[in-house]
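Chemist: Keeping their order, the protein sequence lines are chains W and R.
The letter at position 243 of the first sequence is residue 243 when you use UniProt numbering, and the numbering goes up by one with no holes.
The letter at position 74 of the second sequence is residue 74 when you use UniProt numbering, and the numbering goes up by one with no holes.
Careful, some of the hints might be misleading.
Unchecked claim - Which chain R residues stay away from chain W? Per the calculated CB distances, all over 10 Å, these:
1. Ile20
2. Ile88
3. Gly183
Claimed, not checked - Example chain R residues on the side facing chain W (calculated, C-beta under 7 Å, incomplete):
4. Asn50
5. Pro182
6. Arg241
Hints were generated in silico from the structure; no laboratory data involved.
We put the beta carbon where it would ideally sit given N, CA and C, even for glycine.
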Amino acid sequence: MSLITRRALVTGAAASAGLLLSGCDQVAQVPALRKILFSGEIMNRGLQRALSNRDALAPEFSAADMSPRFRVNGTHNPNTPDYTAMVAENFAHWRLQVGGLVARPLSLSIAQLRGLPARTQITRHDCVEGWSAIGKWHGPRLGMLLKAAGIRDAARYVVFTCADLYGGAPYYESIDLVDAFHPQTIMAWALNDHVLDVGHGAPVRLRVERQLGYKHAKYVMRIDAVDSLAKVGLGKGGYWEDHVDYDWYAGI
Amino acid sequence: MTTATPPSVPVDAAPATRTIYRHRIATRLWHWINAITIFIMIGSGLTILNAHPHLYWGAYGANFDHPWLNTIHWPSYVTIPAHYNLAIARRWHLLFALVLAFGLLGYMIASLANRHFLRDLRVRLRELSAANLWHDFREHLAFRFHDPADPTAYNIFQKLSYVLVIFGLIPTMILTGLAMSPGMDAAWPWLLDLFGGRQSARSVHFIAAAGLTGFIVIHLVLVILAGPINEVRSMLTGRWRVPEDAA
């Protein structure tokens with residue numbers, strides 16, 4: 001094996017590595033290949049659902065395990081005139097609407113929401129970026145609200161519409177009924193024994209503990225039961241899913 | 001006119017090159033699937049790491065916590081995609097994670113069935129003796145990678161590195177990857193106990209990836225030193241020419 005051939009081989013290997021790298025970017029642009037690339041989400045969701053009990057709990061921690069400081073992420077303050085006015089009056093006229101495919105739509109004041117039986121859980125929040133923070137959340141179970149509203153059999157998903165704006169429109173997210181009725185899925189109004197502050201999603205945010213942070217909608221204004229995600233946003237069920245190709249199923 | 005007696009030619013001066021069937025189909029298939037898969041996993045993994053290039057020990061870890069390592073910002077010529085896009089990087093990573101995991105499973109079953117593990121990778125106690133390790137080390141320095149008495153056998157460093165990768169590093173990558181999934185943590189809470197929390201699992205994921213990258217570099221260098229055409233051909237067709245120094 002001459003040195004020339006060896007050098008040619010190394011160069012060839014480096015060149016093909018470069019081609020493969022840029023090839024990956026082109027693959028992501030071809031619709032048929034993109035579909036294959038995006039099919040991982042369906043397989044991972046199917047596998048995770050098959051491997052786990054429907055009610056399997058996310059790990060819960062003790063007070064000693066909590067993050068000293070729970071960082072704020074995403075919207076720090078919706079800063080819309082409506083939201084600022086609600087904060088100024090301590091959410092006195094704020095209402096959480098529960099509607100869509102339900103028999104009895106609800107309109108809950110903050111006092112009513114805080115008066116409901118609540119679950120307290122110290123859980124780990126995992127951002128899609130990779131960091132984690134452990135905090136203590138407190139609020140009523142979403143499943144209880146949906147049952148109280150009389151969710152209809154046709155409902156398949158639950159959509160959250162928020163007070164913070166992304167690209168001029170309210171942030172939105174959705175989960176299916178497996179997660180909506182999971183025991184740890186709550187509408188949290190307190191973090192670390194304090195009423196939820198603006199940075200963390202006041203007055204109420206979703207906690208869906210088996211999924212990543214972007215699913216945990218903050219500043220929730222409306223909860224709607226729907227039969228399909230086709231009419232929600234651009235059809236993929238959430239702001240990040242519609243606009244930046246994030247997975248709708250964020251259990252991984 | 002004189003007749004000179006030709007000098008006697010040794011019979012083994014030009015030995016017929018001996019070609020043997022060295023790598024079976026399961027090994028070859030898995031090798032090339034992995035070559036592509038691990039390339040994609042490292043590239044997309046570096047994009048994902050760029051999203052938060054800080055590593056922590058324990059269950060939690062974020063901006064206000066103390067990282068044990070701040071990595072560099074990985075440049076676009078090693079990341080997939082080249083331009084930062086966490087969503088697309090995750091699509092690549094989480095699809096090929098399935099190829100990596102089920103590929104390993106398939107290869108392991110096949111290698112038990114075709115006795116590749118037992119025949120080629122089983123490390124015998126005598127091979128671990130200091131004398132043998134030292135001998136093989138010196139042979140490596142002399143670029144002699146094959147035992148003349150048994151040229152098809154892997155040497156001890158080959159065995160140990162393949163065993164480390166197949167039974168150590170790749171399973172660690174898969175398990176730490178699963179431990180980072182909030183869904184899997186609910187399904188299999190023991191994943192967190194195994195690694196000491198999600199952020200520890202994330203750190204171990206990075207360390208194992210660095211180990212795997214180191215293996216790949218050494219592997220490629222040794223393939224080049226051992227004769228790349230013969231080595232690559234044997235991984236494509238299974239046929240391997242026994243090197244003359246070991247014939």
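Chemist: Against each hint, give a clear statement of whether it holds in the structure.
Modeler: Going down the list of hints, with the structure as the test:
1. Ile20: Nearest chain W Cβ is 19 Å from isoleucine 20 of chain R, so the label holds.
2. Ile88: Given that some Cβ of chain W is not farther than 10 Å from that of isoleucine 88 of chain R, nearest at about 6 Å, it is violated.
3. Gly183: violated (3 Å)
4. Asn50: violated (9 Å)
5. Pro182: Holds, because the Cβ-Cβ distance from proline 182 of chain R to chain W comes to roughly 5 Å (cut-off 7 Å).
6. Arg241: Since the shortest Cβ distance to chain W is 12 Å, the answer is violated.
Of the numbered hints listed earlier, those contradicted by the structure are 2, 3, 4 and 6.
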